[in-house]
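Guided by the hints, dock chains B, C and D onto chain A, whose structure is given.
Chains as they are written, first to last, in the working numbering: chain A, 6 to 141; chain B, 6 to 141; chain C, 177 to 258; chain D, 177 to 258.
No lab work stands behind these hints: they were computed from the structure. Bear in mind the structure is a predicted one, so any value in this text is a computation, not a measurement.
Beta-carbon label-pair distances, calculated as ranges:
| hint | chain 1 | residue 1 | chain 2 | residue 2 | range |
| --- | --- | --- | --- | --- | --- |
| 1 | B | Arg-49 | D | Ser-201 | 37 to 45 Å |
| 2 | A | Asp-15 | C | Ser-199 | 38 to 46 Å |
| 3 | A | Asp-48 | B | Glu-51 | 49 to 57 Å |
| 4 | B | Ala-105 | A | Thr-17 | 22 to 30 Å |
| 5 | A | Ile-135 | C | Asn-218 | 20 to 28 Å |
| 6 | C | Asn-205 | B | Gln-44 | 54 to 62 Å |
| 7 | D | Tyr-236 | A | Lys-65 | 45 to 53 Å |
Which residues of chain B face chain A? A few of them, derived with a C-beta cut under 7 Å, are:
| hint | residue |
| --- | --- |
| 8 | Thr-17 |
| 9 | Ala-28 |
| 10 | Ile-33 |
| 11 | Phe-34 |
| 12 | Gly-91 |
Listed next, the stretches of chain D that the computed footprint assigns to chain B, with coverage defined by at least 3 CB atoms under 8 Å from CB atoms of chain B:
| hint | region |
| --- | --- |
| 13 | 181-188 |
| 14 | 225-231 |
| 15 | 249-256 |
Think of the CB as a built atom: it goes at the ideal place given N, C-alpha and C, for glycine as much as any other residue.
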Amino acid sequence: MIALTSEPIDVTSALYELQSAQAGAIDIFLGVVRDNTQQRPVDRLEYEAYDRMAIGEMQKIADDANQRWPLLRCLIIHRKGTLQIGEIAVLIGVATAHRADAFEACRYIIDTIKQTVPIWKKEIFMDGEIWVNAHP
Amino acid sequence: MIALTSEPIDVTSALYELQSAQAGAIDIFLGVVRDNTQQRPVDRLEYEAYDRMAIGEMQKIADDANQRWPLLRCLIIHRKGTLQIGEIAVLIGVATAHRADAFEACRYIIDTIKQTVPIWKKEIFMDGEIWVNAHP
Amino acid sequence: MNSTVSVLLFGITRDLTGQSTVSVSLPANARVAELLNQLHQNYPALASIRSLLVAVNGEYAEADQLVHQNDEIALIPPVSGG
Amino acid sequence: MNSTVSVLLFGITRDLTGQSTVSVSLPANARVAELLNQLHQNYPALASIRSLLVAVNGEYAEADQLVHQNDEIALIPPVSGG
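Next up, chain A with everything else stripped away, as it sits in the complex (with noise of 0.2 Å):
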């Protein structure tokens, strides 16, 4: 199941999701909003999506992972708008028979959002504010 969406996320749902009689092992990886970025401090973040190729490649991204590792159920949830500190950003699930196909799935999709999902992440400091990776 893909989402992207502007409620926070909720991880125990999430969990029922993932559920899966077959299932002996459940990887579920969130970002995080933290305080700082390399010790400057962070107030919020702002995320914006470009949501129906967002959508599309997170699909992407989960039938790759679903022809790599025998996947029981695979999540992938990203949220978007204001974030505070402490608020998930992005839910990954996984959940295999064993445990190597759960932290593998999760961790290729999680590190592939991040190279290919249209999402843009903004940094809101108390003085000023930056688009994540825009400048070289």
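Here is chains B, C and D on its own, set in the frame of chain A:
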């Protein structure tokens, strides 16, 4: 935080324990009771622990992980007693600034638990039972 | 004969141009590379961005892909999701 | 002079012996290896287990570690947690 418990493991309160303003990444691994072992249908599992030593060994693993990776939070909760299909047998949770550390530490912890912590699992089938790993 | 295409802008490119959609006039049978050149001419501030890709109809496009007037075209600055 | 030590049993070893604690009589200054030998003599069924370790006071013990009468001693069959 290390725990060995007879109660169901609560992912929501684990997530609460894992939160930290400095955390950018949280990885949560769940070991779950699955409905079969090598295609043989499982009815339920029974976990037994040498409590004192199990807690000591889990603490050592957490201490090792804290030495090897910059962990902000580290949580190991192992269940004991009778577990039904779909129930969580173990939860490993790690919060770090960056994701590579979270994945690596989480994987290290679960891999090492399976090697050193004195906890024993009996698989109960419809027509028999077996202590896992006990026999050659 | 020139045609006009609309280009969706996001993130840094939207901030630099002050617009979330811009129109670009292109010759017939123009390709992605020409679209990018024209955008750089029209909005020199785009040069400050580390890299720019183009998506056509929701898919990343190669430099030699043709651009049609009814395509949904978007400029994709370096992504930073997750 | 012999002394008697108590050994905690878990999992497969408890099932095979039908007991959760067994007493073993050992010579003075006995080591872990001798304790294991004596247990195997007393409970031949233990031979069916893939491996057996001994914990003394909650820590894995080497074969040459001395066993004292007041130690908390446990027999550790192959673990299968997680």
